[in-house]
Amino acid sequence: MTAPAHSERTLSVKGLTVRTPSTSLVNNISFYINRSERVGLIGESGSGKSLTALAIMGLLPEPLTASGMVTTADSINLLALPEKALAQRRGKSMSMVFQEPMTALNPLMKVGHQVAEIMQIHSTRTTRVGATERAVALLDDVGLPDPSVAAHAYPHQLSGGQRQRVMLAMALANDPALLICDEPTTALDVTVQRQVLDLMVELVRKRNTGMLFITHDLAVVASVCDRALVLNKGDIVEEGSIDEIFQRPQHPYTRGLLAASDLDARDENGRLFTVATAAGYRPSAWSDEPGSAREAGPVHSPAPKRETPPIVSITDLKKTYVRGRTSMFGPSVEVPALNGITLDIEAGQRLGIVGESGSGKSTLLKILSGLERPTEGHANVLGIDLRRARDRELGALRSQLQIVFQDPMASLDPRMRVADIVQEPLLNSANLQGGRRMDAQARQDAVAEMLESVGLHADDMKRFPHQFSGGQRQRISIARALVCRPRILVADEPVSALDVSVRAQVLNLLADLVDEYALTLLFVSHDLSVVRHLCDNVMVMRGGTVVESGTTWDIYENPQEEYTQRLIEATPTLRAEVGRGSRGVVAPAMSHGTN
Amino acid sequence: MSELQPHLGLTAQPPQPLAVPVGQRGSRLNVQLIAGGILVGIVVMMAVISFVWTPFDPEHSVPADRLLSPNSAHWMGTDRYGRDVFSAVMVGSQITLLVGLITIGIAIVFGVPLGVIAGMAGGRLETFLLRVTDIMMAFPGLLLAIIFGAVFGGSTLTAMTAIGIAAIPAFARVARAGTLQVMSTDYILAARAANRSMFLIAMRHVLPNISGMLVVQASVNFAIAVLAEAGLSFLGLGTAPPTPSWGRMLQESQQFLGSDVHLAIFPGIAIAMAVLGFNLLGDGLRDRFDPKLQENR
Chain A
1 MTAPAHSERT
11 LSVKGLTVRT
21 PSTSLVNNIS
31 FYINRSERVG
41 LIGESGSGKS
51 LTALAIMGLL
61 PEPLTASGMV
71 TTADSINLLA
81 LPEKALAQRR
91 GKSMSMVFQE
101 PMTALNPLMK
111 VGHQVAEIMQ
121 IHSTRTTRVG
131 ATERAVALLD
141 DVGLPDPSVA
151 AHAYPHQLSG
161 GQRQRVMLAM
171 ALANDPALLI
181 CDEPTTALDV
191 TVQRQVLDLM
201 VELVRKRNTG
211 MLFITHDLAV
221 VASVCDRALV
231 LNKGDIVEEG
241 SIDEIFQRPQ
251 HPYTRGLLAA
261 SDLDARDENG
271 RLFTVATAAG
281 YRPSAWSDEP
291 GSAREAGPVH
301 SPAPKRETPP
311 IVSITDLKKT
321 YVRGRTSMFG
331 PSVEVPALNG
341 ITLDIEAGQR
351 LGIVGESGSG
361 KSTLLKILSG
371 LERPTEGHAN
381 VLGIDLRRAR
391 DRELGALRSQ
401 LQIVFQDPMA
411 SLDPRMRVAD
421 IVQEPLLNSA
431 NLQGGRRMDA
441 QARQDAVAEM
451 LESVGLHADD
461 MKRFPHQFSG
471 GQRQRISIAR
481 ALVCRPRILV
491 ADEPVSALDV
501 SVRAQVLNLL
511 ADLVDEYALT
521 LLFVSHDLSV
531 VRHLCDNVMV
541 MRGGTVVESG
551 TTWDIYENPQ
561 EEYTQRLIEA
571 TPTLRAEVGR
581 GSRGVVAPAM
591 SHGTN
Chain B
1001 MSELQPHLGL
1011 TAQPPQPLAV
1021 PVGQRGSRLN
1031 VQLIAGGILV
1041 GIVVMMAVIS
1051 FVWTPFDPEH
1061 SVPADRLLSP
1071 NSAHWMGTDR
1081 YGRDVFSAVM
1091 VGSQITLLVG
1101 LITIGIAIVF
1111 GVPLGVIAGM
1121 AGGRLETFLL
1131 RVTDIMMAFP
1141 GLLLAIIFGA
1151 VFGGSTLTAM
1161 TAIGIAAIPA
1171 FARVARAGTL
1181 QVMSTDYILA
1191 ARAANRSMFL
1201 IAMRHVLPNI
1211 SGMLVVQASV
1221 NFAIAVLAEA
1231 GLSFLGLGTA
1241 PPTPSWGRML
1251 QESQQFLGSD
1261 VHLAIFPGIA
1271 IAMAVLGFNL
1281 LGDGLRDRFD
1291 PKLQENR
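Protein chains in written order, with our numbering: chain A, 1 to 595; chain B, 1001 to 1297.
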C-alpha cells in the first residue's frame, strides 16, 4: 500500500530557505523525518513554521520563493520539480491537514465525494463505485459515526471535530508516506482536540506514515511526537527527542518557551515565568507528583467571606436568540443560549468560567456587561437590574464594569490613536472625578498613567494599534478597561490569541492589576490551565447551563461531574504529557467519541 | 489565529515597536496620489483660469474659420461655427467639475446617513430604508433626469440633481454594507462598553472605518456623473448651448468623425483625464488616510 520506501528517510530537508524578494523568512534549515516517525515543529507566530510546510508541499504564495533541497524517499528534489509533477505527488505521496477544517473543505460538495475525488484524481481507485466504497471505509477509520450516512453530508452539517476527521480521511486516502499537519487541532475544543490527536497518532502509526506536526502548543507536541524541532524567526534553534527538548532544553529560546508554557511553575516571586525570567526555570520538576508541584497553587488566598451582599447576583437567567425565518411562512427559529443560570459573585472574587464553544459563556458575559438583555430571569450587577435598566443606569454600570476582549487586533479601532482608544471609557458621563467630569488634560494624564502601569510608554499614545505587537495590543486593551477604575473586570479569553511567550506576561500583568486595583475578576476561557492559575473559583458551563461550580481546588482536584472530569483529562498540560512517558497512548474511552 | 500569513511580519514578542512593513504598497500609493493630484490639478487650473482668460471667446462664432485643424492660433482647432475648441474645453471643465462634485455631494449627504442608519438600526427601520433605496434603484438615472428635464426644463442644475439622486442608492448600499461589517467588530462592543452613544459610535468609529469604501465609490460615481451629463446635454436636457460642455462637444463631433477627428479627440482626452485623475486621487487618498498603510512616524 505505502509507496516502497527505499531508504528510511521519508523526508529530508537540506538548506531550505524561503524568501520574499527583499528578506529571508526561513533561513537555511535542515531536518529529516524517518519512516513512521512523528516530528513536531514548534514555533510562535512569524517563526516560519507554516512557510516551511507550504514550501515542502510546493504551495508557497506568490512573491515567496524557496531554495535548497527537499527530498522524499525517491531522492528527487521537490523544489526543482515543475508544478505538474508536484501536483501528482500532493495528496498521493504527501498530504496536508490544515488548521481550519471549515475553510479547507468545499462547502458545496458532499464529504464522501470529496474523499473519493482524491483517489480518483490520482487514479488509485479508478471506478467511482470503488472510490466511494473506499471513502466510506476511510470515514469509518477516522471514527465518523454511521459513515455511509456521513458520506452524504455537506461540511456545514458536521461539527468542527468531524470536519477535521474528514480532512484526515482525505489526507490519508492514498496512504501518503508523509502527512503534514499545520495546527490541526488549534481551532477545536479541548475534548475534541484530544480525540482527534489520539486518532491521528493511531492512524499514522498503523500506516507507518511519517508526520510533520506543526503547532505552537508545546503540550500537544509532547503528547503526539517522537522528536521536535524548535523554530525561531526562521532558524531551527534546537532539535532533539521530546525528552531531551522538554527535560534538558539547551537553547535559551526553548527554555523560555517551556518556562512560559508551564503554568504550574512559579519563579521566586511566585509569578509565572516569562521568557525574560526563564533562566531560573528548572524543568526537572516534571517527574514530581502533579499535586505537589501545584501546592504553590494560587498565589492569592480566596476572598474572605463577608456579610456584604454579592455584587453580581443572577437567578435563573435565560437568553434566547431569535434567528430570522429561513422560509417565508415558517416560524422563526429560537436558539437558546442560556438555560437558567444562577450565580452569585462576591466582591473581590476571581471567578473563572470555563466551557467549550457554544456553552454560553460569552453570552453570559455580554449580559453581565449590559451589552445584551436577558430574556428571562433576574440579573443584578452592582445593584442595577439588567432586565429593566435604563440607559443612564447602564452608563453607571459601565463606569464600574469593563471588558477585555479576546482578539486584541479586532477590539481596537484601527483608525484611532492609542490615546483616543484608551480614553474612550473616560468620556462616559457617569465617570466623575471629584464630582466633575474630567477635562481633556485630566483624561490625557489618566491615559498616560494607565499606559505606564500596563508596561507601555506615554509616547505610545500617538501611535495606531497596528504598530504594536499582539501582546502590546492586549496591554492597550487592558489599559482601556482599567482607565476608568472599574470595580469589576470581565475578561473574555484575553490570552487565547496570544503567543505562548507573551501569554505569561499578560497573565502576570492581569494578576498584578487585579490585586492593585482590588478588582473582582470574571475570567472566561476554554483553557483550564489558565483559569486554574488565575482564579479562586470556577464555574463549568455546557450548553447554556452550569455543570459545576466551586473553588478552583475542589473543581480541579475533586470534580464531581463526569463532564468536568473529561474536560480536565482532555486538557493537555506540559507536566502531564511529558510525565506520561510513552507518548501517543490512545486512551480507549476517548478514541471513539464523535462530537 | 491563522498562522498562514507570518510573512506579513508581526511577531509577537519584541518589546520595541515594530517597523511597519510597507513594501511595494508604500511606493505605489504615492505614485497614485501624485498622478491623480496632477491630473485633477490640471482640470481645476483650467477651470480657474477660464474664469478670467481664454484664448478666444468660446461662444463667439467666426464663420470664416470653420473646421480648422489644430494650428498655432487655435491649439485644438475650431468647430463647425469657427469657435475655438481649446477655449471651449477650458470653459467646459467648469461644468464638469461642478457636475461631478455636486452630484457626489448630493449622493453622499443623503446616501451615507441612510446606509449608516440602516446598518446600525437593523430590524424594521433597516428593511424600510432598504426598500426605499430599492425603489430608487428601479429608476434608471437617465430616465429620472429626462422626467426632471420634462418637468423643470433642461438645465445643468436639473441634470445634476437627477444624477445625484440616482446615485444615492449606491452610496446607501455601500455605507450599509460597511456599517454592518464595522458593527460586528469587537471595537464596537468595546465602545458600547465604554457607554458611547450610538451617534458618537457612528461618528467616531463607523464613518472613519467605512471612509475608504466611500472614497472608491465616489470616484467611480464621479466618472458616471461626467458621462451622464454628457449624455443629457446631447439630449438637450443638460447644459444648454452655447455654454460649452465636454459631453456636448463630444456628441456634436459625431458627424465630423470622418473629416475632423480633432473635434472628438480633445474633449475625449479631457473627459478621460478628469475621470482617471479623480479615480487615482480617490485611491491615493484612501490609502493615505489608512493608518495601516502609512509609514511609521
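Because the hints were derived from the structure by calculation, they are not lab data.
It is possible that some hints are incorrect.
[Claimed, not checked] Here chain B is said to cover these stretches of chain A; the calculated rule only asks that three of the stretch's residues, wherever they fall, bring their Cβ under 8 Å from a Cβ of chain B:
| id | region |
| --- | --- |
| 1 | 125–131 |
| 2 | 384–398 |
[Claimed, not checked] Partial pick of chain B residues on the chain A-facing surface, computed with a CB cut under 8 Å:
| id | residue |
| --- | --- |
| 3 | Thr1185 |
| 4 | Asp1186 |
| 5 | Ala1190 |
| 6 | Ala1191 |
| 7 | Arg1192 |
| 8 | Ala1193 |
For glycine and all other residues, C-beta sits at the position ideal for the given N, C-alpha and C.
Quick rundown of the hints versus the structure:
1. 125–131: It is violated: at least three residues are needed, and the region 125–131 of chain A offers just 0 whose Cβ sits closer than 8 Å to chain B.
2. 384–398: holds (count 3)
3. Thr1185: Hint holds; Thr1185 (chain B) Cβ to chain A Cβ min 6 Å, cut 8 Å.
4. Asp1186: holds, 4 Å
5. Ala1190: Result: holds, 5 Å to nearest chain A Cβ.
6. Ala1191: holds, 6 Å
7. Arg1192: At about 6 Å, which falls below the 8 Å cut-off, the nearest Cβ of chain A leaves the hint on Arg1192 (chain B) intact, so it holds.
8. Ala1193: holds, 5 Å
Checked against the numbered hints listed earlier, the structure breaks hint 1 alone; every other hint is satisfied.
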